[in-house]
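Asks: What follows is each chain in one-letter form.
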Amino acid sequence: MTTSCEIGAVEQFGRLATREAGKCARHYILETLKSDSCDFVSIDMTGMTVTPSFADECFGVLIAEIGYDSYNHKITLQNIPPAAEALILHVLNRRTGKSLQFTNRGSVIPIASRDQFMSDLNKVARKARDEHSKD
Amino acid sequence: MYPTSVADLEDWLHILEQIKAGATKQSTPDFLRPFHLLTFAIMVKTGRYKSFKMDLSLEGYANRMRLWDAVGLEPPAQIKAQSSKGRFCPITRIDRATAVPVTQHLASLFVQQMKDGLTHASLEIALLELLENCFMHAAIPRTPLTAFVAAQAWFNGNLAQIAIADDGIGIRTRLMNNPALREDLIFENACELATRYGITADPEHHSGYGLTFSRDLLTMHDGNLMVVSFDEMVCCNRRGVFSRKMRTPWKGTLILFEWKTKNPLDAEAVYNKWPKPKGFEDDDFL
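Going line by line, the protein sequences match chains A and B.
The opening residue of the first sequence carries number 1 in the numbering used here; numbering runs sequentially from there.
The opening residue of the second sequence carries number 1 in the numbering used here; numbering runs sequentially from there.
The hints are simulated quantities; they were obtained by calculation from the structure and are not laboratory data.
Predicted model only: the values in this text are computed from it and were never measured.
Hints may be right or wrong, so weigh each one.
Here are a few chain A residues that face chain B, going by a calculated C-beta distance under 7 Å [claimed, not checked]:
#  : residue
1  : Q12
2  : S42
3  : M45
4  : G47
5  : T51
6  : D56
7  : T76
8  : Q78
9  : A83
10 : A86
11 : N122
12 : V124
13 : A125
14 : A128
Beta-carbon label-pair distances, calculated as ranges [to be verified]:
#  : chain 1 : residue 1 : chain 2 : residue 2 : range
15 : A       : M118      : B       : A7        : 24 to 30 Å
16 : A       : I109      : B       : K262      : 25 to 31 Å
17 : B       : L185      : A       : Y28       : 34 to 40 Å
18 : B       : F242      : A       : Y28       : 50 to 56 Å
Cβ coordinates follow ideal geometry from the N, Cα and C atoms, glycine included.
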């Protein structure tokens, strides 16, 4: 059985937070994950105004430190204000070199790159061509 | 109401220089904006002036903006208690510990009139980044930094100005800390360079979002960002980015953040415009 720990962003990090606060937030998340009773962390972002420096220091550095796979399995963000969603995805993308999107449950998954897209497109075209030649 | 021009700024810095050089009487602009009082306050503070006089027509405004309080001198007259809600923020000294409350106070000043949560959040983000930058990058360790912020909105004139000034080490000196920028700095204007996406003095720890966010927010929404640091300046607005050498330098950094109060400011539009990882730009799929 997996156990989730809930963190209220505004209560824990402040409604409006600096880069320094982002560093403290990252340490807090890592400490929470280290505790025996916590398999993954769910952060409620309701009401938080996220600055680029906070987002980068907290989530950007976090994904760079623990890696995409671990981040994806252990961190979910809930109720992200729309502007903050675009910002957090931007810092995660920049730190990982991937293009990520949020899932409904608040974790992130990569979207296909141009190369991946072209490769998939070629596969579909090849399949269609093969079927056409069979006919 | 027109935004502050480069000429307005240059003329005013020239006047301050004349006063510093000993001129006892100087003609001042008929209409003062926050940046006038802010730079004057830093000049008085760093020059350790014991007293100064202003034209009576300007004294009232300067007094309401708490000019004398900011520099630790006795004001010429007691100010009548007056609510500044929604119009101006007097000259306020800023330090690392007060960046968040000062930002919240400043952004809240304008929100009652604008009734717009998007603009409020965008202003908070821009201001906190600018104020944090001020302490992160302007200060020399263990040396006190004089830094002030002041703001005024003219809702009927569809303009607001937030000015931040310090007497710190300046943008060029700070950017030289990043070895990757040293060659660029031989040819480039340091203020212009500092406003570009991803430019930072501390590449190991920072990502260079602070000034870029303000530049993009204001250029996208018909505002005006001016950054002056020693003898360099940049002005960013919807017409483009214009940089030059200043006739009269400002010993420190001065930032003017101006926007049209009738235009909502949208931070999300800025983030969506920032570069995507390699292979994911919209053009890559054409």
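Asks: So which of those numbered hints doesn't the model satisfy?
Replies: 1, 2, 3, 4, 7, 8, 11, 12, 13, 14, 15, 16, 18
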